[in-house]
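J.: If you want the building blocks of each chain, they are given just below.
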Amino acid sequence: MEGVLHQIISGIATGSIYASISLALVMIFLATHQINFAQGEMAMFSTYVALTLIQAGVPYWGAFVLTLVFSFIAGMVLQRTLLEPLARAPVLASVGAFLGLLLIFNNIAGWIFTYTLQPFPTPFGAGAPILGGMLSRHELGSTAVTLVVLTAVWAFFRFTRLGLALRGAAYNPVSSRLVGIPVARMLSLGWGLAAAIGAIAGMMVAPIVFLDPNMMAGVLLYAFAGALLGGITSPLGAVVGGVLMGVIENIAGAYIVGTELKLTTALVIIVVVLVFKPSGLFGKTLANRV
Amino acid sequence: MTQSNSRIMLILFVVVAAVVPLVFASGYQLFQLTLVVAYALSVLGKNLVTGYGGQVSLGQGAFYAVGAYTAAILMEHFNVPYWATLPVAAVVTGMVGLALGLPALRLGGLYLALVTFAMAVAVPQLLKYKLFENWTGGVQGIVLNKPDAPFGLPLDPDQWVYLFTLAVGVVLFVAATNLVRSRIGLALMAIRDQPLAAEAMGVELSRYKTLTFGFGALFTGVGGALGAIAVGFVSPDSFSIALSLTLFVGMVIGGASSISGAVYGALFIVFVPNLAEEISKAIPGAIFGVILILFMFFAPGGIASLLSAQMRRFRAAR
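Protein chains in written order, with the numbering used here: chain A, 132 to 421; chain W, 31 to 348.
Mixed in with the good hints there might be a few duds.
Said to hold, decoys possible - Think about it this way: if two alpha-carbon atoms lie no more than 27 Å apart in a straight line, the pair counts; the simulated DSSO-like pairs of lysine-lysine are: (1) K393(A) / K408(A); (2) K160(W) / K393(A); (3) K176(W) / K158(W); (4) K393(A) / K158(W).
As the list claims (entries may be wrong) - Coverage of chain W stretches by chain A, computed from C-beta distances (three or more under 8 Å per stretch; other residues unrestricted): (5) 59-72; (6) 78-88; (7) 144-150; (8) 246-252; (9) 271-278; (10) 324-337.
Rather than coming from a laboratory, the hints here were simulated on the basis of the structure. Nothing here was measured: the structure is a model prediction, and the numbers come from that model. Just so you know, even glycine gets a beta-carbon here, dropped at the ideal spot from N, CA and C.
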């Protein structure tokens, strides 16, 4: 029983990282109806930026903030230059652009930083596991950071004028434009936010899985599964789905299929959700007017 | 160009493609050309699904892997001659495609892209899985012998494999051309361009969508089997997401809704990395990414449509 509890608690810890990426995916989906296949590679690249800063002697939290600023700006620039013009293009064009970005980030990272695994520092100290050996300090710290981020994002969307404007631009661009919201600027702001949230997830997961250009492939797959499980139209659902995926991953890995089929587990969940409940746990059913 | 003219051009092209490399190309160059044909077939499968069928599949590498492993397992464990593995690989990948095509019906556009992307990411892991290890050879994969030329023909294995692959490729390309011009092809394009109107005209969406997925998988699978015979080796890590992305790049650059585009795309994905790799190992992928985005913006129809636009201009000027 203790074993199961341990798996669940540490599943919630990794799940909270998946939840951040799921949230970033859902934010972009809500705003533009595109799925950002490059979300994982963008986060990976941001993490390398953080590592470079830390190696240059910047203290951890300084590097953390600088990386967020960098990712935010980079996300906005990408949206402005690349994805805005493809907003009304067919699905193939936007998917192609995202895959192009994925290839570029992955290979540029490999080119600059090489493909060898690199350790990434944790700000929470090594120390002995806590909660009766259930949780490492890093797991607790990263869960806390993600919780703070998720709460901040929620509060931003719920209580600020800017957050309201962003929601308006995403849900109903035409009416928003009529009441004077600069929709295009809001969309790039959303992209910047998503990129920054992804960067946090990258920096939190890197001490666990080690940093390399392909670090995020598995994380992205679990984040996809989490976003779909929770409902791709629901930010709250994305968070719940992401955390659930962390728990499912651990339970399935320990008791059902073993760790060798982790990615396949995510694939099966994606297919099952899409076939039996495409709207997910919290999502709305999407209908197209014809 | 009239119908008979283009047929003569085609025959001429095939003869040149068969004879010239035999005389001038080295063993390694022949191997590269063989890969071009194998990839061209795989990209062709993708073109059918995405370009003609309008369904964005990112997991074509998975079908390539199924084809390659079918051929390899048959040769290794059942002593089946290499040429006889192709029809089996075609049937197996076609069936897998049909089976996956069923859920594909329910998933429009982006969702299908997502599922197939996940499939491509998960494939190497499945191939390594210990329950299948006796068949797949696990992480080590399977090493195959290169087939010799039959009937005492004076050709070395490289030359023979190239000719064999080219012959299979030509047959399947002709078949695909006919398929696209047939009732099925017309129905497909109708579904892609105007799904509602097509359905109202009595085109059965579900049937045709599943069929295309099956056909697309079949072509890609035969490409995979030919690729395995040419390379003489299959292993899980050669079928990573990178393969699916490479095939996607080939499709976009060649031109998704054209048959000939598959050949241009395959030439591109085989030869461009070779040139670029001399600078750095990571460069080809980055170049693929940049070119992919450039094509999305400036030439969404790929090389095939650029060429046909040139041809039209040329003829108009004359």
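J.: Would you mind marking each hint as holding or not holding in the structure?
T.: Status of the hints after comparison with the structure:
For the proposed pair K393(A) and K408(A), the alpha carbon gap of about 22 Å is at most 27 Å, so the pair holds. The hinted pair formed by K160(W) and K393(A) meets the criterion: a straight-line CA distance of about 14 Å does not exceed 27 Å. Using a Cα cut-off of 27 Å, the hinted pair K176(W) and K158(W) holds, with the two alpha carbons roughly 24 Å apart. In summary, the hint linking K393(A) to K158(W) is supported, as the alpha carbons are separated by about 12 Å, within the 27 Å threshold.
Check on the segment 59-72 of chain W: 0 of its residues sit with their Cβ under 8 Å from a Cβ of chain A, so the three-residue criterion for coverage is violated. With a threshold of 8 Å between beta carbons, the proposed coverage of the segment 78-88 of chain W by chain A holds, since 3 of its residues qualify and at least three are required. Chain A is given as covering the segment 144-150 of chain W, and this holds because 5 residues of the stretch bring a CB closer than 8 Å to a CB of that chain, at least three being needed. Counting residues of the segment 246-252 of chain W whose CB lies closer than 8 Å to any CB of chain A gives 0, which falls below the minimum of 3, so the coverage claim is violated.
For the segment 271-278 of chain W, the stated coverage by chain A is satisfied: 3 residues place a CB nearer than 8 Å to a CB of that chain, which reaches the threshold of 3. With 4 residues carrying a beta carbon less than 8 Å from a beta carbon of chain A, the segment 324-337 of chain W meets the three-residue requirement, and the given coverage holds.
Checked against the numbered hints given earlier, the structure breaks hints 5, 8 and satisfies all the rest.
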